[in-house]
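Sequences listed follow chains D and B, in order. In this text, residue positions in the first sequence follow the working numbering: the first is 1, and each later residue adds one. In this text, residue positions in the second sequence follow the working numbering: the first is 1001, and each later residue adds one.
A hint or two may mislead.
Each computed DMTMM-like pair below joins lysine to aspartate or glutamate, with the alpha-carbon atoms no more than 25 Å apart [what the hints assert, rightly or not]:
1) D/Lys-400 to B/Glu-1259
2) B/Lys-1370 to D/Asp-288
3) D/Lys-400 to B/Asp-1255
4) D/Lys-297 to B/Glu-1259
5) B/Lys-1020 to D/Asp-320
6) B/Lys-1370 to D/Glu-302
7) D/Lys-297 to D/Glu-363
8) B/Lys-1269 to D/Asp-141
9) D/Lys-10 to B/Asp-1331
10) B/Lys-1370 to D/Asp-26
11) B/Lys-1370 to D/Asp-320
12) D/Lys-287 to B/Asp-1138
Here are some chain D residues pointing at chain B (derived, C-beta under 7 Å) [to be verified]:
13) Lys-303
14) Leu-307
15) Ser-308
16) Thr-310
17) Arg-311
18) Glu-313
19) Ile-314
20) Pro-315
21) Leu-327
22) Lys-330
23) Arg-332
24) Gly-380
25) Ser-401
Quick caveat, the hints were computed from the structure, so don't treat them as lab data. Note that the Cβ used here is the ideal one computed from N, Cα and C, for glycine as well.
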Amino acid sequence: MTAEKQDLNKFRAEVSAWMKANKPADPGFLLPQTFMEVGSEEVLEFLRDWQRKVYDAGYIGLTWPKEYGGKGLPEEYQLAADEAMAHERVPIMLNVIGLGWAGPLVLKSGTDEEKQKYLKRILTAEDIWCQGFSEPDHGSDLGNAQTSAVKDGDDYVINGTKIWTTFGNYSKYMILLARTNPNTERKYDGLSFFLAPMDVPGVTAVPIQKITGEYGFTETFFDNARIPASCLMGEEGQGWRVAMQTLQFERSAEGGQATHYNFTPVTMGDLLQATENTTRDGQPLLKDPIVRDNLVKFLIEEKSLRLSATRAEIPALCQDYPFSLALSGKLRATEYFRRMRQYAISLQGGKGSLYVGDEGAIEGGFWQRAYFNNFSATIGGGTSQIQSNIIGQHVLGLPKS
Amino acid sequence: MTREMNYALSFDDEQAMIMKSAREFCKGKSSIQDVRELLGSDTGYDKKVWKAMVELGWPGIAIPESFGGIGLGIGSLVPLAESMGRYMLATPFFSATLAAQALLRGGTQSQKEEWLPQIADGLIATVALLDSEDWGADTINCTAVDAGDTLKLSGTKWLVGDAGVAELFVVSVKYQDKPSLVLVNAGQFPKSAIQRHTLIDETKRAFKVDFSGVEVEKSRLLDPALSESTIRDLMLIGALLTAAEATGTAAASLDNTVEYLKSRKQFNKLIGSYQALKHPTVDILNEMEAARSHLYHAATIMGDGPLSDDMEIACRMAKAQATEALLFAGDRDVQFHGGMGFTYECDAQLHIRRAQWSQQQFGDAYHHRKRLASLFFD
């Protein structure tokens, strides 16, 4: 074993030990499994405190430079810390859009002033960030965004509506994609990218109640909201390029995230544990041959996801269709989890009809909520149907639909 | 579930070389015209191609060097089998490889010394393991009884691969109430004892073999202490090789479908632009890729010793995933070719027929999932 590997293993063990010792007690409300479920002040403040505590302990932002609050360590250290957090099942890191998308973007493309101003407060969760890309009329067609930004003296005046804004009502800043020129030949060339303050007059974030019942998203209205012209990132017309760069971070196609720990993993092991004491026809669930067969199918699929992630890094094992695994990962994983969570509820018998808030619900209604929530993954970031189009066209070379 | 899943998957330069040369060889020796020409032939394979394969050392690739092989282990068989499936190249390779594994795992030292170098040199051997349609049967109907200094066999085996050309048979029998393996030479029974099956997959050759009345020396018994575990391991290795071959054919079937979707027009549009065809085709790709990941994982962890639980899981998962993927690919291959797909001329028939063959060899997907359930839940 190399010295670096030894150090890394030692570090991972250290983080695990710290997490074990400092894992917060059950707060008495259902903690979010993903960052898209933060729908109340109490959940927000609980997670804000937790992120701060983890930052102070030195386990997020490890790759970011020291002068901006980081530790200047190689990526492997952050991955090791993230692994340890996932392994210990601690609450997730709250400020995902700052830590994972906006932060790395500022770090890569921002000015020194921007870095000084934003980065450390992302790590401490003092400033929560949100993202304003999607619009009510333009879900999958991001390049067609119509929210306008009109230069007026030292300001831009913003008008329009963004939707599915996670943390819209709690955020200090938004990474905003808006149209500075409605008359370009290509729709993409009229877009610009802003690091926009949310605490200016004319910005209203209205919580959206989701199928889960909580309020993790907002619809965000801009009504002649004035933001300083200095908020423009890059130049006018470069918005699409910057947005695509942001998506690279969002999809973890490029490193530099202050953490990847933004959801609690849910595995077959958890499902089996959750239904350990469940019976069917008076017998333990795991005596039923059809249940057993279905569970094995999920085990085979879950294993293939992990194996494929490893294989994607070995080009010699990705012949015929070199981009197949990279482009299908999101589709495969999110659809797997949707079906697996749906099945988890079906295994609960009468308890499957209980929901968050009922004291008899298995694990507080975790699986019911997890299933509903999973639609954010099969829909967001390009629906499964769009993903299939992309794979069909770019991997198999099929004609456009 | 307390069992920790093994996710090992790695690849070295030597394996990369094997994979590359396997693909090139199979592609060069087995065009679709070659495959079709062999459909009606007696042996089902081209002797010149088998000879070339022997010259490359493939029959001995997983046989240790001490027995005249190359000693690269079972993992190296996976890319070979996958490439053969990819180009539907038929030879007695699978039969000979399984017979070699039987000897290697369950034979006595002198049996290994006698036979393994010959198999590495191209002797055609095969295994006779199946007594009925039931791959999951836990009893063996064929028997061996003592007759003085010799053993007298009785019973018929099904689906014995390449029995028409095999010179050596490894036969599972019940002897002294225990599962055993015994070696039989082709010359020890009349030709009439061998009856060729009419198979759904016309690229394959398999036979019903009646071993009744065959007498062999007792020295022809494989090591009795190892026979039970050897039979179990052979079933798993057979499943893995079938999975590898099926995954290759799933890729061939996918290509066949994609080519048609990119060239066929209806209503003035390429039919591949219709999502009703495009999306299931993407699903086929994804299922085939999942099968590949399971395969290469199995190839990574397999070894020459008795198979561990992790290896058993890997073989069973690979078989379940691969044959389901090929069933899906072959079925849609026919359907998406429309009227052409219904003809013998369309290559989709080769794929759908192979799919039916592969799913049944060494146990179907449910057979393997059932056993996986026991490993995980009991």
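Hints, one by one, checked against the model:
With a C-alpha separation of about 15 Å, the suggested pair D/Lys-400 and B/Glu-1259 falls inside the 25 Å cut-off, and the hint holds. About 11 Å separates the Cα atoms of B/Lys-1370 and D/Asp-288, which keeps this hinted pair within 25 Å; it holds. Proposed proximity of D/Lys-400 and B/Asp-1255 is supported: the alpha carbons are some 18 Å apart, at most 25 Å. Restraint check for D/Lys-297 and B/Glu-1259: not satisfied, since their Cα atoms lie roughly 31 Å apart, outside the 25 Å limit.
For the given pair, B/Lys-1020 sits about 12 Å from D/Asp-320 by alpha-carbon distance, which is consistent with the 25 Å threshold. For a cut-off of 25 Å, the pair hint linking B/Lys-1370 to D/Glu-302 stands: about 17 Å separates their Cα positions. In summary, the hint linking D/Lys-297 to D/Glu-363 is supported, as the alpha carbons are separated by about 24 Å, within the 25 Å threshold. Proposed proximity of B/Lys-1269 and D/Asp-141 is supported: the alpha carbons are some 24 Å apart, at most 25 Å.
Proposed proximity of D/Lys-10 and B/Asp-1331 is contradicted: the alpha carbons are some 52 Å apart, above 25 Å. Proposed proximity of B/Lys-1370 and D/Asp-26 is contradicted: the alpha carbons are some 39 Å apart, above 25 Å. Our distance criterion of 25 Å between C-alpha atoms is broken by B/Lys-1370 and D/Asp-320, whose separation comes to about 33 Å. With a C-alpha separation of about 21 Å, the suggested pair D/Lys-287 and B/Asp-1138 falls inside the 25 Å cut-off, and the hint holds.
Restraint check, D/Lys-303 versus chain B: the minimum CB separation of about 6 Å is within 7 Å; hint holds. Proximity of D/Leu-307 to chain B holds as hinted, the smallest CB-CB distance being about 4 Å (cut-off 7 Å). With 7 Å as the threshold, the beta carbon of D/Ser-308 comes within range of chain B, its nearest partner Cβ sitting at about 4 Å, so the hint holds. About 5 Å separates the beta-carbon of D/Thr-310 from the nearest beta-carbon of chain B, less than 7 Å, and the hint is met.
Against a cut-off of 7 Å between C-beta atoms, the interface hint on D/Arg-311 holds, since the closest Cβ of chain B lies about 5 Å away. With a cut of 7 Å, the hint placing D/Glu-313 at the interface with chain B is violated, because the nearest CB-to-CB distance is about 9 Å. Contact between D/Ile-314 and chain B, as hinted, is supported at the beta carbon level, the nearest pair being about 5 Å apart and thus within 7 Å. Evaluation of the D/Pro-315 hint against chain B yields a violated restraint, the C-beta minimum of about 9 Å exceeding 7 Å.
Checking D/Leu-327 against chain B by beta carbon gives a least distance of about 10 Å; that is not within 7 Å, so the hint is violated. With its C-beta approaching chain B no nearer than about 12 Å, D/Lys-330 sits outside the 7 Å limit, and its interface hint is violated. Using the Cβ-Cβ criterion of 7 Å, the hint placing D/Arg-332 at the interface with chain B is satisfied: the shortest such distance is roughly 6 Å. For D/Gly-380, the interface hint is violated, since its Cβ never comes within 7 Å of a Cβ in chain B; the closest pair sits about 19 Å apart.
Given the 7 Å rule on beta carbons, the hint for D/Ser-401 holds: about 5 Å separates it from the nearest Cβ of chain B.
When held up to the earlier numbered hints, the structure conflicts with 4, 9, 10, 11, 18, 20, 21, 22, 24 and fits the remainder.
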